[in-house]
Amino acid sequence: MDEQTMTLENRRYLGWTLFAVAALFAWLLDYALRVHLRRAGLVTGLMLFAVVILLTLFNARKKLPFLPLLRASTWMQVHIYVGLLSCVLFLLHAGLKVPRGGLETGLAVLFYLVSASGVVGLAISRWLPSRMTILGENVIFERIPALRTAVRCDVEDMVVESVAKTQSSTIADFYELKLRNYFSRRCSFWHHIVGYGQPILQLLSEAQAVDRYLNAEERGIMTRIVEQIHVKNNLDFQQARQGLLKAWLFIHIPLTYSMILVAVVHGYLAWKLS
Amino acid sequence: MGIWHGSYHEATAMSRLQEFGFEKSVYERPNQKWVCGHARDGKCCLAGPDAHGNCTATTECRPLRKGDHWHCTRPAFLGGPCAEGPLPDGACCRAIPKCTPIRSLRSWRGLTVVLAVAVTLALLFLTFGSIHGNRVISPGELSFSHSSVGRDCSQCHGPLEGRPAGWLTASAGSVAAHDNSQLCLNCHPLGEAPLQPHSLTAARLSPLTEAILKRDGAGTPPPSLELASFIASPGRSGENNIACATCHKEHRGNEADLKKLTNRQCQSCHVTQFASLEHGHPQFSDYAFHRPTRILFDHQSHYQTHFKDAAAKNFAPDSCLNCHQTDLRGGTMTVKSFETVCASCHDAQIKGKAAVAPGIAFIVIPQMDDRVLNGQYAIGSWPADADQPLKPFLRLLLSADPAMRPALNQLEGTDLSNLPKTNTAKLKAAQSLAWGIKSFLFDLETLGQDELLKRITLSAGRTLTDHEKEGLVAFISSDAVRATFTNTFTNLQNEVLDYRNHGKYAATLMVPSPDVAKPGPVKPAAPDAWVNQGGWYSPDGLFNLSYHPRGHADRFLSSWMNLTVDADHTQDPGRARAVFKELSAPGAAGLCSKCHSIEETPVRQVNWMAFHPDPIEHGFNRFSHSAHLSLLDTSGCQTCHPMNGTVNPGNAAMASASATTSHDASSFHGSFMMIDKRTCATCHRPNQVRDDCLVCHNYHIGRFEPLVANSKMVPLPPPNGKM
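Here the protein sequences line up with chains A and B, keeping their order.
Anchor point for the first sequence: position 62 equals 62 in this note's numbering, and the numbering is continuous, going up by one each time.
Anchor point for the second sequence: position 260 equals 260 in this note's numbering, and the numbering is continuous, going up by one each time.
It is possible that part of the hints are untrue.
Said to hold, decoys possible - Computed list of lysine to aspartate or glutamate pairs in EDC-like fashion (alpha-carbon distance at most 16 Å, straight line):
1. Lys-454(B) to Asp-479(B)
2. Lys-391(B) to Glu-412(B)
3. Lys-214(B) to Asp-298(B)
4. Lys-33(B) to Glu-142(A)
5. Lys-43(B) to Glu-161(A)
6. Lys-272(A) to Asp-385(B)
7. Lys-97(A) to Glu-412(B)
8. Lys-677(B) to Glu-278(B)
9. Lys-43(B) to Glu-60(B)
10. Lys-523(B) to Asp-498(B)
11. Lys-308(B) to Asp-318(B)
12. Lys-97(A) to Glu-255(B)
13. Lys-391(B) to Asp-415(B)
14. Lys-308(B) to Asp-298(B)
15. Lys-421(B) to Glu-470(B)
Claimed, not checked - Pulled from the structure, derived: some chain B residues nowhere near chain A, Cβ distances all over 10 Å:
16. Ser-224
17. Thr-246
18. Gly-253
19. Ser-268
20. Ser-276
21. Leu-509
22. His-641
23. Thr-682
Keep in mind the hints are simulated off the structure, nothing from the lab.
Ideal placement from N, C-alpha and C gives every residue a C-beta, glycine not left out.
Model the full structure from these sequences, guided by the hints.
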């Protein structure tokens with residue numbers, strides 16, 4: 001079964017199997033070395049370091065898309081299961097106890113942060129995209145500011161149109177009072193992350209309250225403005241969640257390199273002084 | 001729901017935010033470092049910034065010439081071809097205002113990586129450059145026992161001094177675990193082979209290994225150990241050094257146990273492997289005893305016979321603890337003192353009541369054959385009633401004079417009271433012997449104890465200590481010597497002086513014994529009874545200076561036994577051996593050898609003391625009696641030490657230390673049966689009491705002198721404070 005035809009279920013079965021075999025082998029090797037009073041810590045440490053380097057290569061692979069080194073999605077799968085293996089190796093290497101030394105504590109904290117950010121990243125990359133598809137229109141992250149600007153301009157045109165056509169400033173006043181801030185900046189980042197919809201409902205409720213003071217022509221314009229309120233809300237929603245999908249890498253990747261640096265020092269000292 | 005409360009899709013079903021397609025949208029390049037500054041407004045140009053963040057925008061399109069006309073090529077998503085069209089020279093008429101490119105998200109992430117690496121490097125440099133950096137680098141607190149080392153890493157890690165940065169370059173790759181182990185040994189001396197398995201040389205360990213393999217076989221290793229051995233091997237042999245850190249893991253906190261090892265780890269090197277004490281551990285084969293005890297004591301006969309005797313009713317112990325007590329560490333059950341345990345029954349025996357002879361005949365004038373020892377073989381005056389042979393003590397004292405040894409050798413096995421008259425050599429030797437005895441008595445009378453000690457020293461072939469000298473002469477007095485021999489040799493000085501100065505032999509004169517004074521109304525005590533608390537005496541009618549033991553631990557007997565027990569190292573081994581034989585014979589005065597066994601190794605010696613553990617001796621096994629005493633039931637000590645039910649024939653050897661069989665470990669049979677391993681495993685098993693190897697076994701084997709401060713003696717300053 002080649003990579004193209006492998007089903008998701010088979011891929012997961014293969015991944016978990018290989019992970020289990022590798023973890024079992026690592027555990028047995030560590031046990032055997034400890035029983036025979038060999039330098040199990042050195043061996044598991046080297047294995048862990050090698051695994052971390054392999055995980056780091058995923059980032060390098062993404063920067064070299066022209067190389068025929070399997071598909072990025074395959075690399076991602078390898079990254080996930082090898083990442084889990086690194087956690088097993090870390091437990092074998094350091095145990096469940098909290099390290100006592102400053103350097104080792106720092107290294108452990110870095111590993112915890114990198115691992116935790118990886119797990120969080122994996123979780124949100126599995127959960128958020130489907131939610132974004134269900135709840136709104138997907139847009140390219142880089143285009144969101146431009147689209148938001150376009151929406152704001154459209155709404156301002158509608159406001160001017162309402163004044164020109166109806167000689168009434170009701171919509172314009174409402175825009176100035178409630179909608180200008182809303183359309184001119186990104187709103188409610190954390191509300192969109194956690195799925196809290198009260199602010200937009202509040203805004204829509206206020207817009208509905210204005211509706212009673214509008215004539216038919218104004219109502220048509222107001223309907224189009226409310227549609228843009230939803231569009232803008234979707235843009236904020238997309239930016240917040242896509243931003244989160246990208247933001248966790250700001251923790252995961254930089255700390256990985258820090259961890260590698262500290263690990264090199266730790267390994268050198270361990271080899272040299274033990 | 002309507003637009004007021006509906007979802008996004010319900011509210012915006014009529015429109016789409018963005019279009020995709022070759023001519024409908026701009027191609028995004030999020031992997032590039034810089035983004036057009038107009039992108040935020042949706043007006044990014046097609047050219048975009050260069051790699052250094054400079055705006056490269058010029059015009060909205062590059063007109064395309066078709067025939068004689070230039071055509072606008074502005075893409076549809078930017079509005080399509082413009083109305084004005086290209087300029088006549090083919091240039092685009094719509095210039096793009098310059099922008100200030102902004103970094104892409106990926107670029108910011110790259111910067112974050114650089115920042116994180118820079119911060120990490122800075123922290124590492126600070127750490128390694130700081131004089132206190134070792135606090136950070138240290139992998140954890142030292143154990144309590146090493147806490148005094150403090151922050152000075154070089155005490156345990158070789159040439160690591162100063163700032164940690166120096167460690168990276170000064171000795172890169174040169175600090176090996178074995179080198180560090182040498183530093184451990186500065187404070188923990190572990191004998192001549194400290195880093196070898198069990199701190200024993202391969203020459204010592206190999207026979208032990210072979211013996212265990214022969215006795216117990218390979219055993220049945222637990223599956224987990226088999227699996228571990230299948231994957232990895234110990235990687236060391238008996239000849240390889242093992243670094244201290246292999247087993248002792250430091251930097252694990254103040255309360256860490258540096259000696260912690262699992263059973264599997266202990267067994268990984270062993271030839272006999274098994275699951276646990278309960279399952280597979282070899283039966284105990286060395287205990288009760290694999291050698292005669294230092295104090296020979298037959299528990300069976302005492303327990304079953306003597307303690308039941310009516311005469312011992314008031315003395316017989318009713319508990320093992322009447323005679324035994326733990327040592328100060330609680331590990332070993334030792335024997336209480338003679339005075340506490342044995343004296344009530346045995347003190348009188350030692351003082352003579354049970355001995356064949358109450359005293360030791362020290363200087364005895366032998367009977368000489370006056371029928372032939374006359375004329376040219378004259379021996380001068382000699383007690384007519386002497387009837388004893390030449391005794392070992394006098395023989396040894398005479399042999400101290402090298403001139404006497406030929407005569408003694410000539411007369412070896414000869415009956416001096418019945419000399420062959422035709423054997424002139426023996427007659428001459430007997431004559432020399434007689435004059436040698438007289439000379440000795442002359443010197444003893446005139447020089448005193450010094451003469452005696454001179455001869456003993458010559459016999460021993462070594463310098464005697466003052467303590468030994470005191471014991472060997474045992475306060476012998478001139479009165480005792482004169483009272484014994486003056487009446488016999490009335491003209492001793494003249495005869496010896498003529499013999500020495502002129503080579504003149506006085507004519508043989510057999511002197512009858514003087515009449516013993518008739519007793520008065522009250523008969524005096526016999527001489528040996530008179531000194532029943534010890535001392536020198538001369539039995540009536542015998543030309544014999546004897547010594548009566550003063551009781552247990554008599555200095556005279558113990559000193560002479562110590563002097564002669566290792567006869568092979570004296571000047572005259574045969575005669576020294578004869579003295580020891582007389583002292584250690586069954587029924588000999590003092591009965592020393594009845595209880596005190598003979599140690600053959602490392603040097604032959606008398607075991608005057610019961611076993612006391614050597615505080616610096618580390619054997620393979622250890623056991624704490626005190627920890628177990630509170631657990632005993634009504635069986636008491638016999639819970640673990642069941643007594644042999646029948647008197648073992650081997651115990652007959654205990655009758656006397658002089659019996660050769662009592663020195664033979666192979667023929668020794670203890671008073672107790674072997675301890676059954678199951679007794680221990682009753683409690684020491686998983687989920688109950690610890691059953692790991694290190695509960696009962698030591699790893700480092702040998703006598704390890706504790707490290708003590710070598711304080712030099714320095715003169716005190718004078719009282720006025722000036723040096």
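Comparing the hints with the structure gives:
1. Restraint check for Lys-454(B) and Asp-479(B): the C-alpha separation of about 20 Å exceeds 16 Å, so the hint is violated.
2. With a C-alpha separation of about 12 Å, the suggested pairing of Lys-391(B) with Glu-412(B) holds against the 16 Å cut-off.
3. Of the supplied pair hints, the one linking Lys-214(B) and Asp-298(B) is violated, its CA atoms being roughly 32 Å apart against a limit of 16 Å.
4. Between Lys-33(B) and Glu-142(A) the alpha-carbon distance is near 13 Å, which keeps this suggested pair within the 16 Å criterion.
5. Straight-line distance between C-alpha atoms of Lys-43(B) and Glu-161(A) comes to about 24 Å, which puts the hinted pair past the 16 Å bound.
6. Between Lys-272(A) and Asp-385(B) the alpha-carbon distance is near 91 Å, which puts this suggested pair outside the 16 Å criterion.
7. Between the alpha carbons of Lys-97(A) and Glu-412(B) the distance comes to roughly 83 Å, so the proposed pair goes past 16 Å and is violated.
8. A C-alpha spacing of about 8 Å is found between Lys-677(B) and Glu-278(B), which places the hinted pair at or below 16 Å, so the restraint holds.
9. Our distance criterion of 16 Å between C-alpha atoms is met by Lys-43(B) and Glu-60(B), whose separation comes to about 10 Å.
10. Of the pairs offered as hints, the one joining Lys-523(B) and Asp-498(B) is violated, with about 42 Å between alpha carbons and a cut-off of 16 Å exceeded.
11. Note on Lys-308(B) and Asp-318(B): the hinted pairing holds, with a Cα-Cα distance of about 11 Å set against a maximum of 16 Å.
12. In summary, the hint linking Lys-97(A) to Glu-255(B) is supported, as the alpha carbons are separated by about 14 Å, within the 16 Å threshold.
13. For the hint pairing Lys-391(B) with Asp-415(B), the CA-to-CA distance comes to about 12 Å; that is within 16 Å, so the pair holds.
14. Restraint check for Lys-308(B) and Asp-298(B): the C-alpha separation of about 15 Å stays at or below 16 Å, so the hint holds.
15. Restraint check: the Cα-Cα separation between Lys-421(B) and Glu-470(B) comes to about 43 Å, which exceeds 16 Å; the hinted pair is violated.
16. A Cβ of chain A approaches the Cβ of Ser-224(B) within 10 Å, the least distance being about 8 Å, so the stated non-interface status is violated.
17. The claim that Thr-246(B) lies off the interface is violated: its Cβ sits roughly 5 Å from the closest Cβ of chain A, which falls inside the 10 Å cut-off.
18. A Cβ of chain A approaches the Cβ of Gly-253(B) within 10 Å, the least distance being about 6 Å, so the stated non-interface status is violated.
19. Separation of Ser-268(B) from chain A is inadequate, the least Cβ-Cβ distance of about 5 Å not exceeding the 10 Å criterion.
20. With a cut of 10 Å on Cβ distances, Ser-276(B) stays outside the contact zone with chain A, its closest approach being about 15 Å.
21. Leu-509(B), annotated as away from the interface, keeps every beta carbon of chain A farther than 10 Å; the closest lies near 87 Å.
22. Look at His-641(B): its CB is around 36 Å from the nearest CB on chain A, clear of 10 Å, so calling it non-interface holds up.
23. Listed as outside the interface, Thr-682(B) is consistent with that label: its C-beta sits roughly 28 Å from the nearest C-beta of chain A, beyond the 10 Å cut-off.
Going down the numbered hints, you'll see the structure goes against 1, 3, 5, 6, 7, 10, 15, 16, 17, 18 and 19, while the others check out.
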